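Please put together the full structure from these sequences, using the hints given.
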Amino acid sequence: MELRAFYQEHYRAILGTVSVLAFIVIWESLLTFVIPLNPFFFTKPSLIAVAFKEQVIHGALWRDLAVSSRAFLWGFSLAILFGIPIGAFMGWRKRAEYTLDPFLTALYASPLVALAPLMIVVFGVGLLAKAMLVFLLSVFPFIFNTFAGVRSTDRLLINVVRSFGGKEKDLYLKVIFPSTLPYIAAGARIALGRGLVGIIVGEFYAASEGIGFAISRFGDTYKLPEMFAGILVLMIGAVVMTEGMRKLEALLAPWKMSQESQ
Amino acid sequence: MPPFIQSRNISVIFKPKNREPVTALNDFNLEVAKGEFVSIVGPSGCGKSTFLNILLGLIKPDTGETQLNGEAITGPSQERAMVFQEFGLLPWRTVTANVELGLELKGIAAAQRAERASELIKLVGLSGFQNHYPHELSGGMKQRVGLARALATEPDVLLMDEPFAALDAQTRDLMQAELLQIWEQSKKTVLFVTHSIEEAAYLSDRVIVMTARPGRTKEILQIHLPRPRDYEMRLTPEFNDIKATIWNTLKAELTARSEYGA
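Chains U and X are the protein sequences, given in the same order. Going by this note's numbering, the residue at position 171 of the first sequence is 171; the numbering climbs one at a time, nothing skipped. Going by this note's numbering, the residue at position 132 of the second sequence is 132; the numbering climbs one at a time, nothing skipped.
In case anyone wonders, no lab produced these hints; they're calculated from the structure. On a predicted model such as this, the values are computed, not experimentally measured, just so you know. There could be a bad hint or two in this list.
Just the calculated beta-carbon pair ranges, DEER-fashion [as the list claims (entries may be wrong)]: (1) Tyr98/U x Gln67/X: 41 to 47 Å; (2) Tyr98/U x Asn18/X: 14 to 20 Å; (3) Tyr108/U x Glu65/X: 46 to 52 Å; (4) Asp154/U x Pro16/X: 17 to 23 Å; (5) Tyr98/U x Lys15/X: 19 to 25 Å; (6) Glu71/X x Pro85/U: 37 to 43 Å.
Where a beta carbon is used, it is the ideal one built from N, C-alpha and C, also for glycine.
Here it is, written out as structure tokens:
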């Protein structure tokens, strides 16, 4: 019965691990025993693992990762730098909201990757164009979530701080900012996903290095295991960053997280 | 010598957008002596909470003036503090940090703040919960924090806006007893808004019964129960008589309200 108790305590982790392992085993077995593998059209986990290892040890993987990360970090940082103040401003000033809202809503709703060619025409092939694409895609979640956070600040808490003699500055620092933080953190998670799309599309479209470029080049040359190794790196990066974001959220807003889990 | 608190000819008219203006208070007058415990009862919407907010300095009346200790109230000041019905605790602050809010806004040094906060936390019986966040506390405990926060800045006047309305009956009885104890030690002037006739009778030196909207004073009832009061007093015929008197005064106002469907 000990096994059962162990299962009940950890069944979330156990089920998750089992399903991933099963997926890999079935994939591998199908292409080993059932369907003959045509390496031009498909590949299997064992070959991807070999390619991945090869890439990690000898390949250009690290350089590609560094190139992509740099562009991503630039774009994402700019998105934070512009998105939060714009959103906050819209939240405080109705007129700013009404003026900016049509543009922002249209841009947020549109698939902005369509602007990739324009970015490359304007900023050239390289870091700047990719960073701008990341920025364009990831700035909107910051704007809208900051806006929503500021707008949903509890009036009662504003009155509480005012009643104890708080000035306008205190309202921002002691109420509006902390109550908006969890919204910003949630926006950051959305922005992360959109930013990754930006970097990859940018590199697909025109680049000479970077993870997106590597994936597309290996695909073009039918080196499928290497291509999947690149995708794997991308997935790992995305998961690590999303989890990191979640941790940061829990750190910034412990009261919010435990409310959600209740 | 003028009374400690003197409100004269207070009128407040709310002018909501696209709707008829509402007269919340009409020529309301009140005098309160230093150290007195005064309750205000009246039908919903009679302006009793509005009046507390005027005393707090968050609402400016359309006519009339309130003087505290001979000086007109023009805005919030730490000589007056409110205990809010919905607690109004900052969710991102621990119990200690919530209690310290007023002291912080006053610019008191951190060490002194901490010392004062820990005294008050002890006073309201929350020792051991200093580092808890509000969402980890029960309703009664939250309101203890609210009370400690209001007392922290050593106000002369304690304003309480249905502070126990959100609590269950037993917690409420307990909180009333503890409030009386704290009041007897500190001798603050208390203005207490409530819907509960029993609560008003049990706690107060005087009970102000207000008319239906627009609110004015209908009757002022002196409560001649000895102090200190205890729970057993509520079971005496004398106490029942007081409740009946308040009820009979209030009854006509409640039915007057219901004609408007409120």
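So, going through the hints one by one against the coordinates:
no.: 1; hint: Tyr98/U x Gln67/X: 41 to 47 Å; result: holds, 43 Å
no.: 2; hint: Tyr98/U x Asn18/X: 14 to 20 Å; result: holds, 18 Å
no.: 3; hint: Tyr108/U x Glu65/X: 46 to 52 Å; result: holds, 51 Å
no.: 4; hint: Asp154/U x Pro16/X: 17 to 23 Å; result: holds, 20 Å
no.: 5; hint: Tyr98/U x Lys15/X: 19 to 25 Å; result: holds, 23 Å
no.: 6; hint: Glu71/X x Pro85/U: 37 to 43 Å; result: holds, 41 Å
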